[in-house]
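Chemist: Sequence:
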Amino acid sequence: MLQQIAIKDSVIERLSKASEMLVEAKSMQEVKKIMDVAGAAKIYAKRQQLGEEAVQHARSIELEAMRRLGELLAETPKNTGMLLRGTKSEPRQILIPTLSDLGVDKKISSLSQQLARMPKKEFEQVRDGVVSMSEALKIAHVSHNSGENEWYTPAAYIEAARAVMGGIDTDPASCAQANATVKADKYYDSKADGLTKKWHGRVFMNPPYAQPLIANFARAVAEKFSNKEITEAIVLVNNATETEWFNEMIKHASAICFPSGRIRFVNKEGKPGGAPLQGQAVLYFGSKIQKFISEFKSFGWIGRIADE
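Residues 18 to 325 (the working numbering) make up the sequence shown, in order.
Simulated from the structure, these hints should not be mistaken for laboratory data. Bear in mind the structure is a predicted one, so any value in this text is a computation, not a measurement. Please note that the accuracy of each hint is not assured.
What the hints assert, rightly or not - Below are the DSSO-like pairs computed for lysine-lysine, each with C-alpha atoms no more than 30 Å apart in a straight line: (1) 50 - 34; (2) 203 - 268; (3) 215 - 245; (4) 124 - 43; (5) 245 - 214; (6) 124 - 50; (7) 305 - 215.
Claimed, not checked - Just the calculated beta-carbon pair ranges, DEER-fashion: (8) 259 - 66: 44 to 52 Å; (9) 197 - 34: 37 to 45 Å; (10) 43 - 208: 43 to 51 Å; (11) 30 - 256: 38 to 46 Å; (12) 63 - 244: 14 to 22 Å; (13) 321 - 240: 19 to 27 Å; (14) 213 - 38: 51 to 59 Å; (15) 208 - 69: 37 to 45 Å; (16) 228 - 43: 33 to 41 Å.
Backbone N, C-alpha and C define an ideal beta-carbon position, used for all residues, glycine too.
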């Protein structure tokens with residue numbers, strides 16, 4: 018027991034030094050080393066069962082370092098490793114480390130920069146373990162627009178959905194601005210709460226991705242298609258194939274499209290934003306499987322789930 022306490026104290030002391038170094042760190046190399054130290058300490062604390070306090074302490078410093086790395090990456094000009102400085106008569110080259118030089122893969126680079134862009138209050142909730150990182154980083158979607166989540170489905174996907182079904186009768190998770198593109202005969206926004214309303218006909222849905230709403234909307238579309246309350250549906254969601262709600266939809270869907278790239282949702286001005294960390298999937302419920310394949314094959318991989 019005494020030995021474990023000593024090990025824990027040693028880990029916390031090392032992390033405290035790393036935290037102090039982070040305040041003074043100026044370069045990406047320095048920040049990356051601190052991030053690696055904290056990450057290794059987090060793993061070690063878990064393996065040695067040093068308690069949640071030590072694990073969380075290591076995690077918080079790792080996230081602080083990752084956020085700082087993101088800030089530095091955003092400030093650094095894109096380059097091939099060399100940056101010219103000096104004057105025309107006396108140019109000099111400065112070696113700028115690439116992501117590969119730093120041992121930073123694209124996923125960590127993207128995550129670091131998203132943490133850097135996150136408002137301080139939200140980041141602190143993630144750092145302190147109040148909110149999971151995945152939940153905080155989920156992109157806000159048109160389906161649950163509240164004035165703060167102003168990201169919309171690209172028109173190309175809406176047009177493809179309309180071409181498959183011949184029109185859109187209901188969008189149960191939308192808003193007025195989104196419906197300018199979707200053009201559903203009937204839509205429900207977050208105040209109306211589409212989960213409590215009757216749907217009909219051909220449905221397009223890009224549901225809110227936060228729990229428990231995503232699970233509730235996924236269950237609703239599966240049930241309403243199964244009991245013939247709706248005739249067709251096209252649903253755009255994260256490709257969360259490991260979740261119960263995704264698998265519940267798969268049981269009733271007829272076909273699926275996995276876009277070859279992460280969808281860049283658009284803002285109020287119609288300009289594309291940054292791509293979310295996770296990829297997406299488009300599920301089709303209905304009998305026009307070949308039509309769905311024809312319209313969505315240009316977006317990525319298509320899979321047939323049911324026969325026509």
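Chemist: List in ascending order the numbers of the hints, as given earlier, that are violated by the structure.
Modeler: Failing hints, ascending: 8, 9 and 12.
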